[in-house]
Amino acid sequence: MSDQEVLRIDHLSISFGGLKALDDLSFGIFDREIFGLIGPNGAGKTTVFNCVTQFYRPDAGDVFLTVDQSRLSGHDRQAVDASGQARLNLVGRPVHSIIRLGLVRTFQNVEVVKELSLLDNVLVGGHVDFKATMAEQLLRLPRARREEKLYRDKAMSVLEFLGVDHLAGQLAGGQPYGVLKKLEMARTLMAEPRLIILDEPAAGLNDTETEDLSQTIRQIRDNYDCAVWLVEHDMRLVMSVCERICAISFGKFLALGTPSEIQGNKVVQEAYLGEQE
Amino acid sequence: MSTSTVTRTASPLNQLVKALRNAHVQFIVFGALLCLLPFLAKAGLMRNSTLSTLAFVLIYAIIALGLNLLLGYSGLISLGTAGFVGLGAYLAAYFQDDLGLGFWAALLAALVIPTFIGLLVGFVSLRVRSIYLAIASLCIAEILLKTFEQLDWFTHGTAGKQSRFPVLFGFQTDRSTVFIIIVVALVLGMMLIHNTVHGQLGRALHTMRSSEVAAQAMGVNVLKYKLFAFSMATLYAGLGGALYLFFLRSSYPSTWNLFMSLNIIAMVVVGGLRSIFGTVAGAFVIFAVPELVLKKLPVIGDVAGLPYIFSGLLIVLVIMFFPNGLKGLADLVVRPFRRRGQAPTPAPSQPETEEVAPA
Chain A
15 MSDQEVLRID HLSISFGGLK ALDDLSFGIF DREIFGLIGP NGAGKTTVFN CVTQFYRPDA
75 GDVFLTVDQS RLSGHDRQAV DASGQARLNL VGRPVHSIIR LGLVRTFQNV EVVKELSLLD
135 NVLVGGHVDF KATMAEQLLR LPRARREEKL YRDKAMSVLE FLGVDHLAGQ LAGGQPYGVL
195 KKLEMARTLM AEPRLIILDE PAAGLNDTET EDLSQTIRQI RDNYDCAVWL VEHDMRLVMS
255 VCERICAISF GKFLALGTPS EIQGNKVVQE AYLGEQE
Chain B
230 MSTSTVTRTA SPLNQLVKAL RNAHVQFIVF GALLCLLPFL AKAGLMRNST LSTLAFVLIY
290 AIIALGLNLL LGYSGLISLG TAGFVGLGAY LAAYFQDDLG LGFWAALLAA LVIPTFIGLL
350 VGFVSLRVRS IYLAIASLCI AEILLKTFEQ LDWFTHGTAG KQSRFPVLFG FQTDRSTVFI
410 IIVVALVLGM MLIHNTVHGQ LGRALHTMRS SEVAAQAMGV NVLKYKLFAF SMATLYAGLG
470 GALYLFFLRS SYPSTWNLFM SLNIIAMVVV GGLRSIFGTV AGAFVIFAVP ELVLKKLPVI
530 GDVAGLPYIF SGLLIVLVIM FFPNGLKGLA DLVVRPFRRR GQAPTPAPSQ PETEEVAPA
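Which chain is which? The protein sequence lines are A and B, in order. Under the working numbering, think of the first position of the first sequence as 15, with each following residue one higher. Under the working numbering, think of the first position of the second sequence as 230, with each following residue one higher.
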């Protein structure tokens, strides 16, 4: 963890038909931090994700992402500061442009292509890295073939890192849930992100798999030098793996702190943990 | 594969088998075999009418390949294929006969103009989904059909446009040469589709079909890829139309109706979504089987609209029992012969990457 923020959520608000799903929410995530977002059902956790990744347009507020110079193109280059980075506001950008900036997410109900092999699914995560034009790919010109080979090897190494490389050639359809979850993570790693958002990664996993998952999350952070932000129901996972946790309820900020601080926080206990006991 | 030792020890037969695993080699061999058919017909071993039927099978296969990219890979539905095929046919006739610009200009016009119109149409209609897209594409086909009927200077209206065999490199073609042109176009079309679906483009289309949100999160510009798939489908439709005209030498508006579009969808579904050879097989089953077999059967052979009943029944049967169509059926037959441990459907693009030379 460093003290530089990779993501800053600033006074974020959104409402759906009069219901305030997010109400003036602000917090930040540090570089290389494992960060957790918790809250009771309907607290707006996934809505935060969707506002950050621009699937939803927030009514008010900003989302700032710190981006390396090398990822920037065109107009955004002008925002680069002395440290070779830029702090970009994500609000209003097209959804498909976000991954290029180093922010990538997984989905609550794994969204992989059943008809493709694991390897090809991981390669989807490298989509924006391909420089070959459509014509080059249609005619299979040298650059297209070179890139395909290069990223295929990279995808293989990502699968190896997550310990599922022996399944690389098999179709994703019909694989156990645990493998699909890993596959989704592999796909995000393919993009070499600076921040990974995991939407309920433990959902549907058994106890052993969940333990394995907290191990994996730490390894991802250490090997890929990125921050990991998870939204999670499984308290044991959140408390064991996260360095800081933000708790929200009804779209409002409750508390932010280390796992033990959050566990000891009266407001959080009332809103969330209290309910469980 | 830089394994020189393997090539040295491999017997010619092994090498042949290995070469045949390459999809492009398969397409070329397939094309070479098809090129023998006109000679069979000339030698009197095959009826000329059978050759004609097979030519139409191949033309439909080309059109269906384009639609398979749209329907199979991208998960978008279009009921307007026939309109674009007709447009290709009329453009080819107009450029070849009315403007006298020759084969290549006619072919180019039949490729470029429908693709361009397809792009324009797609830009508007691809913002709606599923059933609404089907309705929008149907409307466009109907507009084109009415245009073919009314635009006399271009289409000669309901009287029909007459054309002739093209002149290619100063050489007057005939039925056999046009058949070979169709085969060449089909082989090139198969190769292009193969390249499209095995690689970044194909993965983007797959992801888009499977989940639009996931595709967007992975950086796929969904509208761009929908437009790509749509314009590829119209490109193949235009090509099919031009070949149709070169082979049949006439075009009537009534040909380019909804039934043709539905038949092409039937070819894709029966052949197997996302299968190249399956699509060709689908075209054969849907078009040639009624022509060559059913019509010759006693009693039912005289039933009007028999081909439609046949393709309708096939669609129902395939959807209920063989969702992967003829391709799935072939897999079922081949599976016991595969080496153990091999995935039932080999990972796409696995064989190709093996030949990629590290440049």
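If you're looking for bench data, these hints aren't it; they were derived computationally from the structure. One or more of the hints may lead you astray.
As the list claims (entries may be wrong) - Label pairs and their computed distance ranges (CB to CB): (1) B:C264 with A:G218: 29 to 35 Å; (2) A:K145 with B:V357: 46 to 52 Å; (3) B:G541 with A:R91: 41 to 47 Å; (4) B:Y361 with A:K163: 49 to 55 Å; (5) B:Q255 with A:S40: 43 to 49 Å; (6) B:T387 with A:L33: 48 to 54 Å; (7) A:P108 with B:S483: 42 to 48 Å; (8) A:N220 with B:P241: 36 to 42 Å; (9) B:L535 with A:N55: 42 to 48 Å; (10) A:L164 with B:P241: 47 to 53 Å; (11) A:S97 with B:L337: 36 to 42 Å; (12) A:G56 with B:V545: 50 to 56 Å.
What the hints assert, rightly or not - Simulated crosslink set (BS3-like; lysine-lysine; CA at most 25 Å straight-line): (13) A:K266 with A:K34; (14) A:K168 with A:K145; (15) A:K266 with A:K280; (16) A:K168 with A:K128; (17) B:K271 with B:K453; (18) B:K247 with A:K128; (19) B:K524 with A:K163; (20) B:K453 with A:K145; (21) A:K163 with A:K128.
Note that beta-carbon positions come from the ideal geometry of N, C-alpha and C, so glycine has one too.
Which of the numbered hints are not met once you compare them with the structure shown?
As far as the earlier hints go, 1, 2, 3, 4, 5, 6, 8, 9, 10, 11, 12, 17, 18 and 19 are violated by this structure, in ascending order.
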